[in-house]
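Note that the protein sequences, when read in sequence, are chains A and B.
Residues 0 to 401, numbered by numbering that gives the first Met the number 0, are exactly what the first sequence covers, in order.
Residues 0 to 249, numbered by numbering that gives the first Met the number 0, are exactly what the second sequence covers, in order.
These aren't lab readings, by the way, just hints derived from the structure by calculation.
Keep in mind it's a predicted model, so treat the numbers as computed, not measured.
Any given hint might turn out to be false.
[Unchecked claim] Okay, derived cross-link-like pairs now, DSS-like style, lysine-lysine, Cα gap no bigger than 30 Å in a straight line:
| # | chain 1 | residue 1 | chain 2 | residue 2 |
| --- | --- | --- | --- | --- |
| 1 | B | K192 | A | K285 |
| 2 | A | K285 | B | K136 |
| 3 | A | K285 | B | K97 |
| 4 | B | K136 | A | K301 |
| 5 | B | K26 | B | K227 |
| 6 | A | K285 | B | K116 |
[Stated by the list, open to error] Per the computed footprint, the stretches of chain B lying under chain A, defined by three or more beta-carbons under 8 Å from a beta-carbon of chain A, are:
| # | segment |
| --- | --- |
| 7 | 48 to 62 |
| 8 | 119 to 127 |
Cβ atoms here follow ideal geometry from the backbone N, Cα and C, with glycine treated the same way.
What follows is the residue order along each chain.
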Amino acid sequence: MKTNLKKIREKVIESVLMLSSVTTSITVILIVFFLFIEGAGVFSRKPIDDGFLLAVAPSNSVQKLSPAQVKDVYDQKIKNWKEVGGADLPIVLFRTSDISDYYTDEELGENFENFPQKINELITKTPGIIAFFSETYKAKQFVGKELDIDKITISKFLSGEEWFPTAQPIAQMGVKPLIYGTLWVSFGAILIALPIGLAAAIYLSEIAKKKTRNLLKPLIELLAGIPSVVYGFFGLVIIVPLIQSTFNLPVGETALAGSVVLAIMALPTIITISEDAMRNTPRAMKEASLALGASQWQTIYKVVVPYSASGITAGAILGIGRAIGETMAVLMVTGNAAVIPHSFLAPVRTIPATIAAELGEAPNGGLHYEALFALGCILFIITFGINMLVEMVTNRKSHKKH
Amino acid sequence: MHKIVSQNVNFYYGEFQALHDISLSVKENTVTALIGPSGCGKSTYLRLLNRMNDLIDNTHMSGTITIDGNDIYDKHTNVDDLRKNVGMVFQKPNPFPKTIFENVAYGLRVNGITDKKIIEERVITSIEQVALWEEVKDKLHKSAFELSGGQQQRLCIARALAIQPSVLLMDEPTSALDPISTSKVEELIYELKKQYTIVIVTHNMQQAGRISDNTAFFYMGELIEYDKTKTIFTKPTKKQTEDYITGRFG
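Sequences are here, hints too, so could you generate the full structure?
Right under this line is the structure:
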């Protein structure tokens with residue numbers, strides 16, 4: 000009887016444990032699945048708002064325009080049809096609201112019931128027109144020619160250089176500036192954090208007295224516990240003005256500011272992991288080196304650093320991983336201009352900052368919303384790749400030891 | 000002529016006194032065995048001779064130790080130079096995760112020798128000295144970890160010899176080896192005596208008897224008896240020495 004009870008209790012505990020791990024795994028898989036389903040949606044859509052259309056006069060020989068061309072047309076950078084392969088004819092822009100320039104309210108009718116007909120009229124008499132309006136105003140016998148708009152493709156999404164997801168009439172979905180921004184800021188961060196982190200790790204593990212170490216190590220680990228918004232605040236108040244005055248810039252919110260803040264945030268990871276790796280260097284190795292007349296410094300760079308190289312690499316990569324995914328602090332200090340950066344002193348916008356800043360204003364299920372999920376996918380793939388890299392590096396380490 | 004002279008050496012780990020008033024002199028080109036039960040201070044004493052104990056926090060010593068008449072604890076003594084002159088072989092073979100060649104070349108490189116010819120020459124000579132040449136000559140550029148434990152230990156001895164020390168400290172060099180490797184290392188020690196002054200810590204009474212000229216018996220941090228090995232093993236003057244040697248404790 001007693002043993003039965005014990006068995007049952009063990010079974011219950013076992014199943015609770017199993018349930019927890021299964022739930023966790025399923026949750027993770029579901030999140031990734033959801034991310035990719037939502038993100039993939041953007042690639043089956045046209046970069047124009049649902050229910051809207053772009054039309055030109057039937058006589059116009061232009062069949063289709065790329066999103067970038069449409070934007071230039073509406074920004075009046077392109078003013079003549081011949082610039083996009085049509086006849087030599089000035090472009091006349093038309094948005095729904097422009098209708099009042101051509102017709103009075105009476106002519107349009109009380110509930111705009113004459114709207115479709117008037118648009119037909121307008122398109123017929125203006126050969127250079129390009130019209131953007133809702134499909135509800137499209138007449139049954141529509142005289143205009145609807146412009147063909149390409150679906151968003153993965154390659155265009157990745158190579159596009161402009162990110163204006165809410166642009167009218169056509170959204171500009173190019174993530175290149177965001178990817179570049181993310182990589183610049185992270186790369187800069189690692190460039191700053193790696194030498195400092197390595198130096199600190201060497202000091203802590205090899206040079207510092209036990210007392211100093213016991214004081215410094217928890218302090219550095221404490222850095223990891225500070226909320227990222229506090230780092231952002233610190234960056235905004237201290238680093239941004241400092242960069243602005245040092246380099247004499249109009250604004251201090253730059254890639255460099257992001258890199259500095261991220262470097263500070265990545266330091267605890269890099270220091271803790273590489274210090275642990277260095278302290279794992281067998282004492283026998285260090286003693287062997289010292290006993291051969293090597294100085295402490297020679298021992299550090301000829302024995303300790305090579306021995307812990309994979310640990311140091313893992314620390315650095317994890318540090319980058321944290322930098323790439325970091326949102327809040329970066330959002331606060333980088334200026335968030337979605338342009339391809341040409342210098343560390345230019346404002347940039349990163350992928351996570353974009354998602355955080357724009358998701359709130361993107362209508363659920365819309366094109367913008369799905370584009371942000373696609374951004375999330377890109378971020379996931381990058382960080383997943385980094386984690387795989389860490390796995391590989393640390394595996395190599397355990398391989399070497401046997 | 001005494002090579003190593005220690006006078007009234009006391010050594011402390013924090014509050015704990017590990018060595019009490021050790022005075023001991025070692026003659027040139029002899030093998031001196033330090034014996035005694037675990038924790039008796041023999042390894043601690045050995046590690047004082049190349050200042051290896053400096054690496055341990057919160058320790059201090061008093062008394063003097065001189066090698067060739069120079070006080071090695073003098074504040075003007077260069078520790079790196081001292082360790083170049085006083086080689087050490089550890090209890091467990093501890094080759095670097097490098098090639099066989101680089102293991103032996105390491106000491107030369109850290110001491111500023113860059114001439115490839117000299118390095119190669121010295122590496123080969125040292126490996127020959129430890130009678131390892133025939134076994135490794137075809138795999139000099141393979142990892143030292145591919146060698147057996149006994150070969151690794153002889154490689155570590157070669158590594159210590161490459162920088163041409165005059166004193167060789169050995170901290171239980173055969174305790175991790177099988178009997179055949181042990182006898183090879185013992186033969187080697189016997190050979191090396193001609194050129195080096197050797198101080199060896201050992202747990203193995205027979206080993207001390209076989210290879211050493213003089214034996215020092217340590218107990219509870221004190222030097223109980225120090226004499227010719229033959230005398231210690233046949234007619235020890237102290238009761239504790241006799242008890243230890245005859246295996247009554249330890």
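Outcome of the hint check:
Simply put, B:K192 and A:K285 have alpha-carbon atoms about 27 Å apart, close enough for the 30 Å limit, and the pair holds. Proximity of A:K285 to B:K136 is assessed by CA-CA distance (about 27 Å); at most 30 Å being required, the pair is judged to hold. For the hint pairing A:K285 with B:K97, the CA-to-CA distance comes to about 14 Å; that is within 30 Å, so the pair holds. Of the pairs offered as hints, the one joining B:K136 and A:K301 holds, with about 25 Å between alpha carbons and a cut-off of 30 Å not exceeded.
Proximity of B:K26 to B:K227 is assessed by CA-CA distance (about 12 Å); at most 30 Å being required, the pair is judged to hold. For a cut-off of 30 Å, the pair hint linking A:K285 to B:K116 stands: about 27 Å separates their Cα positions. Under the rule that three or more residues need a Cβ within less than 8 Å of chain A, the assignment of the segment 48 to 62 of chain B holds, with 5 such residues. For the segment 119 to 127 of chain B, the proposed coverage by chain A is not satisfied: 0 residues have a C-beta within less than 8 Å of a C-beta in that chain, short of the threshold of three.
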